[in-house]
Structure formats: C-alpha cells, structure tokens
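Peer 1: Each protein sequence line maps, in turn, to chains A and B.
Residue 408 is where the first sequence starts when you use our numbering, and the numbers rise one by one after that.
Residue 408 is where the second sequence starts when you use our numbering, and the numbers rise one by one after that.
Just so you know, these hints were derived from the structure itself, not from any lab.
Some hints could be false.
[Claimed, not checked] Pair by pair, the computed Cβ-Cβ distance ranges are: (1) B:469 x A:429: 34 to 44 Å; (2) A:530 x B:574: 36 to 46 Å; (3) B:679 x A:429: 40 to 50 Å; (4) A:488 x B:530: 38 to 48 Å; (5) A:521 x B:468: 42 to 52 Å.
[To be verified] Each computed DSSO-like pair below joins lysine-lysine, with the alpha-carbon atoms no more than 30 Å apart: (6) B:555 x A:555; (7) A:674 x A:660; (8) A:590 x A:443; (9) A:514 x B:549; (10) B:555 x A:514.
None of the values given here were measured: they were computed from a predicted structure.
Using N, Cα and C, we set each Cβ at its ideal position, and we do this for glycine too.
The chain contents come next:
There are 2 protein chains.
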Amino acid sequence: MESTIGRLVHREQDMIYNALPRTLQPGYNFGPHCHKNVEVCMMTEGECDIVVDGETITVRTGEMMVIFSHMIHSFHMRSRRPARFLQMHFQPDSFSGVEADVVRDVKFLSYITDEHSAYLLLPFSDRLRDCVERICMEMNSKTEEHCKPLAKIYIYEMVFLLSREISQGYRRIFVIENPLAIKAIQYINDHMEEKIMLSDVAAACHVTARHLSSVFKDITNITVNDYINIAKVDNAMRWLTGTDLTMAEIASKLGFSSTQYFSTVFKRYTRVTPGEYKDMSEKDI
Amino acid sequence: MESTIGRLVHREQDMIYNALPRTLQPGYNFGPHCHKNVEVCMMTEGECDIVVDGETITVRTGEMMVIFSHMIHSFHMRSRRPARFLQMHFQPDSFSGVEADVVRDVKFLSYITDEHSAYLLLPFSDRLRDCVERICMEMNSKTEEHCKPLAKIYIYEMVFLLSREISQGYRRIFVIENPLAIKAIQYINDHMEEKIMLSDVAAACHVTARHLSSVFKDITNITVNDYINIAKVDNAMRWLTGTDLTMAEIASKLGFSSTQYFSTVFKRYTRVTPGEYKDMSEKDI
C-alpha cells in the first residue's frame, strides 16, 4: 500500500500546471478561452474584470476568483492602473477519486468535483494568501529540494483553508444548470482529438443543430463552433508549452486540416500565433 | 483506492499526540522518561539542557531538537530565565510504510525510520518555525473546521522542510549503534504489558544478565531495570491522559503487582503521583 508521503513525492506529478505572480497592464485583454485546469486568481493590487460564461465580474484587491473546469473566461483591464495577482492552474483530476463523505465535509471539494460549478468569488484571508504565495515560491524555485511535494502539500492546505473560509463568510458561486449545455461541453471535451462538427454535437445530444445552437448561445454567450475552437486552442496552448510536440503535430492531433488553418484559428482567439505564444510563455509575458 | 485527501481527513487520526507552546521556569527538571512518539522542541526564547541517553545537550534560542522513538531523555533548566519553546509529539508509525526510494530522497524520513537514531539538533529557519506554529494553532483550536487534516498537512510540510534544511546546513545527529542495547530496548517495548525481569531480557538477547547490565549501562547511562520502569511509566502517562482507564487498570495492564506499587514507581521517575500527573496534564503545567 502506498504511503501518503509517497504519493506526495511521486504521484500526481502534474497536479499544478503553473503558479506565479502576474502583473496586467491597463488595456490588456485576454481570451475568451477555457481549460480543464481549475484557475485561481488572487488579486493583491488593483482590479480586473473577468468574464465567465458571459457574466462580467470585477475582481477587486483582497478578492479571489476560482474558475472551474471548462468554463469559458476572458480577462479585461478597464482600470487605469496595473493589476497584480497570484495566478495558479491545477488539475481537478487529482480530486476526482475522493470519497463521497470527504467531499461532503470539505466544501471546496464539492465545487471542484461538481461539473455544474462555474466560478467562486470570495475575499481571501492573510493566511490563504500566505499559502498561495508558498505554492508560487515552490513552483518557481530552481535550486531547492522537495519543491514539488511541498507545492502539492500547499494545494491540500489551500483546499482545506478555502473550505473553512467558504463556510464562514460571504461568497458568490455561479453554477451552470442547463443539462443540454453541459452535455454538449462534455461531448466536445471528450472528442478533442477529432474534427468536431456542430451536427455531431447535436446528434450526440439528441437535438437538432438549430435547437442546440440557440440554447448554447443563450447559456454561454458564445456559439458552439466558437466553443469547439476555444477548447482546441486551449489544448494547443498546453501542448505548446508542456510538451515537445511540433506545431504540425498539434494541428493534426486536434483534427485541423492544415497547420496554416490551425495557426489562423489560434490567432483569432488568442491574438498571437502559436509560435509567439510559445515564446511568450517561456518569458511569462 | 483511497485518495490522498481522504487519508488526510480520516486516517492516522492520532498522528499528532500534542503540539503546544510551553514555558519552563528556572530550576525545572523533568524525566528521565521515554516514549514511542517522536518529540520536537523548538526553542524560541532562552535555553534548556536536554539529556538524551546520557549525553547533555544545551538547546539554545533558534535551535530545534528532535528526539527519536524510545530515547530516554530529561529536561533540566539551569538557566536563570524562563525558556519558551514549541513542543510536539507525533507518531513515527505514520511514516513506517514509506517506500524505500522515498525514504532515501527525504532525509528526515531516514532518521525517523532508522531505529538507531537518537536525536537531531539543528538551527531552524523562520519558515520552519511558521510551520510548527501552524501545527500548534490547529491542534489547539476549538472552533475552526478541518483542524486535524490541516495539522497533518503541516506535519508533512515539516518533514520536507526539515529534510531540506538538514541537507543544507550544520546539524548534529546522534545514533545508537550497539545492537545488544537496541535488541534489549526492542524486547522491553514489545513486552510492555507483562511483568519484565532483567533475566527475561537477557535470555531474549542470548547473553547473561551480568553482561547485558554492563553493556546497557555503558550505552544508555541507566540500568535495565530503570529502563523497564521508565518505559512503563511512559505508557502509563499516555493512558492516564489519552484514555479513560483507571489507575488500577493501568497498573494491572503494565504488570505491576499493586496500584500502590505502580504509584510509587511512577512518582520515583516523574516526581508526581499518577493522579497529580493527570491533573497537571489537563491544565498543561
């Protein structure tokens, strides 16, 4: 039987995708995009608008936004001064095997594991900030020993601290409840490595393409085709920075007819080419 | 398969026996005694002598002492001003199933799991102090949620931070290497709930009582009979505070011929009666 500490050392190697302090300049816009990873934004200075599934939320200093899996979101800097925040992306899979009674007890887990969760907004305590700062520090240390296990330990700490704070104070939680939109998103995510047509998604959902289009747009504020592209671009972003796959390999894996077309779609949603994105990520601009 | 977070919530319920800030007044003496739990003393103010297996170590402000399982130790306040420290006892069993490659990587684990380890003395960083303070806070909170899982998380954090600090800086580690003394201690610990005679221990070690006595005293600085009594008193202390067993039940479980005799032996090693000890522990004097 594997020990807890053994799991912390060896398993879930990629539990945390990234964690770092970021500064956004006035006028900056990014997205819409979506990903499987849960995203945490802890605003330490200034403010930023985050649009999640069509709703605009202003995240202010001292507030923390958690964006759950596969939610379409974008960032918009309307403020005249820069915003500084701690940003982190972590794998929800690490929590998917959790026992039902634990999920019931540990509030934040019930949000992570519920596919209806869209986002969570709450003020953060000094202690929670300290925890997320330690995650960032360990994730970016180049010289110290045991960074990965410590970062994982702090993710568990964050889950418990967040659960405690959620049940104590004010919060806003938004949940997608339309079963057709959820089913369509699920189908798209499950067929990422194929060419997906609107008609395929509609057939899988047992409705007409016209009905699906109309409901999907109402709920998410974007079209099904946009969602398909955004989801593919999201995968591409991960592969560009996290693997050695070439641009041609990624385009082919995601069912694009050519590298050129993949590059065009990528730029439409991110404003940069795949190559520029890879360079930016390496420098963390 | 159980999840990591499930283990943190449910398992190893008694991983931490206690963790609290303590103040010792000038002239205070305690022990000798020993226990299975690993003891951590983090000196935040003043200094204190700790005698471990016959060796006197002065632990100064900013230093941390870890006393491993079954090591006989006592506290002596020679200084004229009070000493403040964070004290913790945790179960080494929580780490006994750890995979060999993890033990190799995580230095502090190799000390916990090696029965030859006696003590470890090292200066502590602010970060390690912060970690131990969080353990104390969670262990003594009466109102917050998720205290026990958080305290366990911080023990894992401490193991990794300590491992990192051990491999970076100065430290002193003392190890018992005499196989006869180790075997005798093991036999005594395994037969705690029986009446143990020197001759039984010698027979189990395949040596004469005279030879065992002489080697044991050389190595540990106390006699075999003292060790047997100290180990029993240590068990009694745990049962007095951690269970509802009566004094008569404890005396009988430990193989004492009468409650009166048990009480006399207890007082010889601790300077208080079992009843007084129970009261003291409840008030944490």
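Peer 1: State for each hint whether it applies.
Peer 2: We went through each hint and held it up to the structure:
Separated by about 36 Å at the C-beta atoms, residue 469 (chain B) and residue 429 (chain A) satisfy the suggested range of 34 to 44 Å. The hinted window of 36 to 46 Å between residue 530 (chain A) and residue 574 (chain B) holds, with their beta carbons roughly 39 Å apart. Range check, residue 679 (chain B) to residue 429 (chain A): Cβ separation about 58 Å, and the 40 to 50 Å hint is violated. Evaluation of the 38 to 48 Å hint for residue 488 (chain A) and residue 530 (chain B) yields a pass: the beta carbon distance comes to about 42 Å.
At roughly 49 Å, the beta-carbon separation of residue 521 (chain A) and residue 468 (chain B) lies within the given 42 to 52 Å, and the hint holds. Straight-line distance between C-alpha atoms of residue 555 (chain B) and residue 555 (chain A) comes to about 23 Å, which keeps the hinted pair within the 30 Å bound. Of the pairs offered as hints, the one joining residue 674 (chain A) and residue 660 (chain A) holds, with about 18 Å between alpha carbons and a cut-off of 30 Å not exceeded. At most 30 Å may separate the alpha-carbon atoms for a hinted pair to count; residue 590 (chain A) and residue 443 (chain A) meet this at roughly 15 Å.
Annotation: proposed proximity of residue 514 (chain A) to residue 549 (chain B) holds, straight-line Cα distance about 19 Å (limit 30 Å). Restraint check for residue 555 (chain B) and residue 514 (chain A): satisfied, since their Cα atoms lie roughly 16 Å apart, inside the 30 Å limit.
Against the hints set out earlier in the document, a violation occurs for number 3 only.
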